[in-house]
Amino acid sequence: MWLVPALAGAQEAKPADVLVSRQLAESEGLAVGSVIRLSTDAAGTRAREFRIAGIYEPTPDPARLGQVPRSVRLHLPDLLEMTRPVDVPAGAEYVSSVNVALVDPKDADQFAKDVNARLPGVLALPAGEAAGSAGPFRVLERFHLAIAVVTIIAATVFLLALSIMLVDERRETVGVLRLIGLPVHRILVQILLEGLLVAGVGAIFGLILAVLSEQLINQFFQWRYDTALVFVRITRDVALTCVAIAVPLGASATVVASWALLRRGGLRLARR
Amino acid sequence: MNAIGFAWRSLVRQPARAALGILGVAAVGALLFDMLLLSRGLIVSMQDLLDRGGWDVRVSAGELPGSGLRIADAVNTAEEISKLPSVQAALVMRSATAQIDRASGQPLRASFQGVTTRSTDPAASRLRAPWTILRGRDAEAPDEVVIDEKIASESRLEPGGEVTMRASCVADLEALPATRLKVVGVAEFPFQTTNESTTGGTLDALKAACGGNVGAEADLILVTSKGDADGTAAAIRTLRPEVRAATNTEVVGRLQQTGFTYFRQISTVLTTVTVSFAVLLITVLLTVSVNQRLGEIAALRALGFSRMRVVKDVLSESALIVGIGGLLSLPLGLLLASGLDRILKGMPGIPVALHFFVFERQALAVHIGLLMATAIIAALYPMRIVSTLPIAATLRDEVIG
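So the sequence lines, in the order shown, correspond to chains A and X. First residue of the first sequence? That's 81 in my numbering, and the numbers climb one at a time after it. First residue of the second sequence? That's 158 in my numbering, and the numbers climb one at a time after it.
Heads up, some of the hints might be wrong.
Stated by the list, open to error - To list a few chain A residues with every Cβ distance to chain X over 12 Å, as calculated: (1) 133; (2) 155; (3) 184; (4) 208; (5) 216; (6) 242; (7) 268; (8) 288; (9) 299; (10) 315; (11) 321; (12) 331; (13) 337; (14) 340.
As the list claims (entries may be wrong) - Taking beta-carbon pairs under 10 Å as the criterion, some of the chain A residues facing chain X (in silico): (15) 119; (16) 122; (17) 123; (18) 124; (19) 137; (20) 218; (21) 241.
To be verified - Some chain A residues close to chain X (C-beta under 8 Å, calculated; not the full set): (22) 219; (23) 222; (24) 226; (25) 227; (26) 230; (27) 249; (28) 253; (29) 256; (30) 263; (31) 264.
Everything labelled a hint here was simulated from the structure, so no lab data went into it. Cβ coordinates follow ideal geometry from the N, Cα and C atoms, glycine included.
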């Protein structure tokens with residue numbers, strides 16, 4: 081659809097109402113009440129006048145990230161009137177899709193089956209299945225998960241290296257504890273508790289950092305793409321998953337790193 | 158013994174921590190390398206796809222080819238374009254949805270690409286349709302088609318066989334009589350997506366399959382210039398202002414501004430995070446390692462090692478960890494890239510031949526540069542510790558401790 085320059089003195093008596101997107105209104109300086117002319121081609125043939133009844137914020141669409149939504153919402157009869165080929169009678173036009181709101185959304189599956197059985201050539205899908213199993217966001221979810229797994233592996237390796245170093249630093253202390261009579265499992269429990277405490281504090285610190293950066297990341301990308309889309313959302317499930325991975329991993333790394341040390345004799349550890 | 162040799166001995170003396178440090182760098186480096194391959198992968202891959210076949214200007218009705226809008230009066234438009242002095246040939250491309258009947262089971266749903274070439278240049282005879290023949294030959298007659306590997310395997314068809322097809326050029330709901338077409342070749346279609354099947358033939362074959370109900374519209378006109386693609390695109394825009402003519406580079410540029418932005422952004426973000434992560438962790442590893450060896454370093458200083466020499470030792474240790482880890486990260490990164498590429502290619506509408514991760518020398522150079530910077534930055538703090546180490550006080554503390 082083309083927005084064509086208005087002609088002086090050519091106003092229709094009562095132009096039909098349209099809504100324009102915030103981005104289009106801002107870029108073209110449009111306001112509620114303005115009369116605009118819309119055409120289906122750049123030459124402005126069969127252009128019609130419309131009155132802007134409102135300015136709307138488009139529903140954020142991740143599939144159109146980076147594209148500024150310069151859109152206009154017309155009543156369907158107005159749109160069909162403008163786009164119908166000359167040789168097509170009114171009422172014989174095609175529409176790409178029909179959205180149906182059911183009284184009970186739980187009936188979506190059965191309703192789709194009924195429509196598919198009764199109307200050959202029409203494909204009805206419950207809204208949840210419309211994106212398909214390979215929808216772009218499910219694929220991105222898998223991609224992000226793969227990146228997260230690699231990051232966790234790298235972090236685990238580093239954590240293990242650090243734990244080995246830190247445990248090594250406490251070699252003499254552990255040796256003395258062994259010499260005064262503490263059994264290996266008692267020291268191991270102490271190390272495990274320390275590991276849990278450090279990993280827990282680290283996980284909480286990480287979550288606080290994530291919550292603080294969530295706002296910054298969203299603000300930056302919303303500004304960058306001129307969209308109301310939410311890019312990062314730290315939900316309760318995400319936070320719990322992070323803690324469930326980080327705390328056992330941190331504690332395990334400490335215990336694994338300590339195990340080699342604890343197998344040695346007390347005298348050797350204390351370097352006596 | 159030089160600094161590198163000395164640093165190597167320090168690492169070998171504690172093999173477990175050295176191996177873990179190197180493995181950590183390898184894992185982080187692999188991720189970093191992949192993000193660098195991702196940052197331009199789609200652009201390089203798309204440019205390669207567009208350049209295949211030698212068609213260097215694309216004419217469409219919408220802002221980007223494949224937008225769904227069709228060029229009106231396409232064959233005459235191509236005829237006029239082909240007469241421009243800078244044009245070697247113009248190829249009209251029209252696609253339709255089709256159903257291929259099978260002996261058993263549901264019919265196969267496919268797209269049918271019909272093409273016709275217009276040219277006044279004898280050299281244009283070498284130009285082919287925008288698909289690559291794998292077996293058999295290209296379709297030339299109105300009753301011939303080429304099919305892709307998916308149709309060939311699912312319908313058990315090979316060159317010499319026949320397909321029964323119901324194509325629909327106007328709307329999906331048309332009920333058309335079936336047409337029998339000869340399969341003369343199996344081809345690879347560059348923009349075919351993973352979940353679709355494609356057949357190709359002449360525009361006359363498409364007309365036959367659609368029962369003559371095609372109209373004068375086309376999805377795309379591909380143009381080969383005589384060398385000046387930019388000038389040809391400008392000449393086409395002047396000749397036909399209602400169509401959009403863009404060189405392959407311009408098409409990639411437009412895609413770069415819209416569809417590919419997400420992957421560039423995520424690549425930048427993850428590159429930054431990965432490098433910061435690597436710097437932080439190697440700094441901690443080196444700092445803890447240096448702190449554990451303060452007495453040893455002070456003793457070396459007392460024996461006559463210069464301040465610069467012990468600083469070089471720390472830097473060499475950092476360079477060895479990052480260097481060996483970085484080397485390991487290359488095969489690891491390529492392996493990881495192929496896995497991530499397979500995941501991302503699961504997206505609907507992505508051509509089979511398009512890749513998200515593409516190796517480039519430039520990416521390798523940036524990777525090496527970033528790892529070198531990581532090795533130096535990570536060593537700064539531990540280098541400061543050893544350079545300001547008070548020899549006598551450290552040795553006394555070691556003895557008392």
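Going through the hints against the structure:
{"no.": "1", "hint": "133", "in the structure": "holds, 28 Å"}
{"no.": "2", "hint": "155", "in the structure": "holds, 23 Å"}
{"no.": "3", "hint": "184", "in the structure": "holds, 30 Å"}
{"no.": "4", "hint": "208", "in the structure": "holds, 16 Å"}
{"no.": "5", "hint": "216", "in the structure": "violated, 5 Å"}
{"no.": "6", "hint": "242", "in the structure": "violated, 6 Å"}
{"no.": "7", "hint": "268", "in the structure": "holds, 19 Å"}
{"no.": "8", "hint": "288", "in the structure": "holds, 17 Å"}
{"no.": "9", "hint": "299", "in the structure": "holds, 14 Å"}
{"no.": "10", "hint": "315", "in the structure": "holds, 20 Å"}
{"no.": "11", "hint": "321", "in the structure": "holds, 19 Å"}
{"no.": "12", "hint": "331", "in the structure": "holds, 18 Å"}
{"no.": "13", "hint": "337", "in the structure": "violated, 9 Å"}
{"no.": "14", "hint": "340", "in the structure": "violated, 8 Å"}
{"no.": "15", "hint": "119", "in the structure": "violated, 13 Å"}
{"no.": "16", "hint": "122", "in the structure": "holds, 7 Å"}
{"no.": "17", "hint": "123", "in the structure": "holds, 8 Å"}
{"no.": "18", "hint": "124", "in the structure": "violated, 13 Å"}
{"no.": "19", "hint": "137", "in the structure": "violated, 20 Å"}
{"no.": "20", "hint": "218", "in the structure": "holds, 8 Å"}
{"no.": "21", "hint": "241", "in the structure": "holds, 4 Å"}
{"no.": "22", "hint": "219", "in the structure": "holds, 5 Å"}
{"no.": "23", "hint": "222", "in the structure": "holds, 5 Å"}
{"no.": "24", "hint": "226", "in the structure": "holds, 6 Å"}
{"no.": "25", "hint": "227", "in the structure": "holds, 7 Å"}
{"no.": "26", "hint": "230", "in the structure": "holds, 5 Å"}
{"no.": "27", "hint": "249", "in the structure": "holds, 6 Å"}
{"no.": "28", "hint": "253", "in the structure": "violated, 12 Å"}
{"no.": "29", "hint": "256", "in the structure": "violated, 14 Å"}
{"no.": "30", "hint": "263", "in the structure": "violated, 25 Å"}
{"no.": "31", "hint": "264", "in the structure": "violated, 20 Å"}
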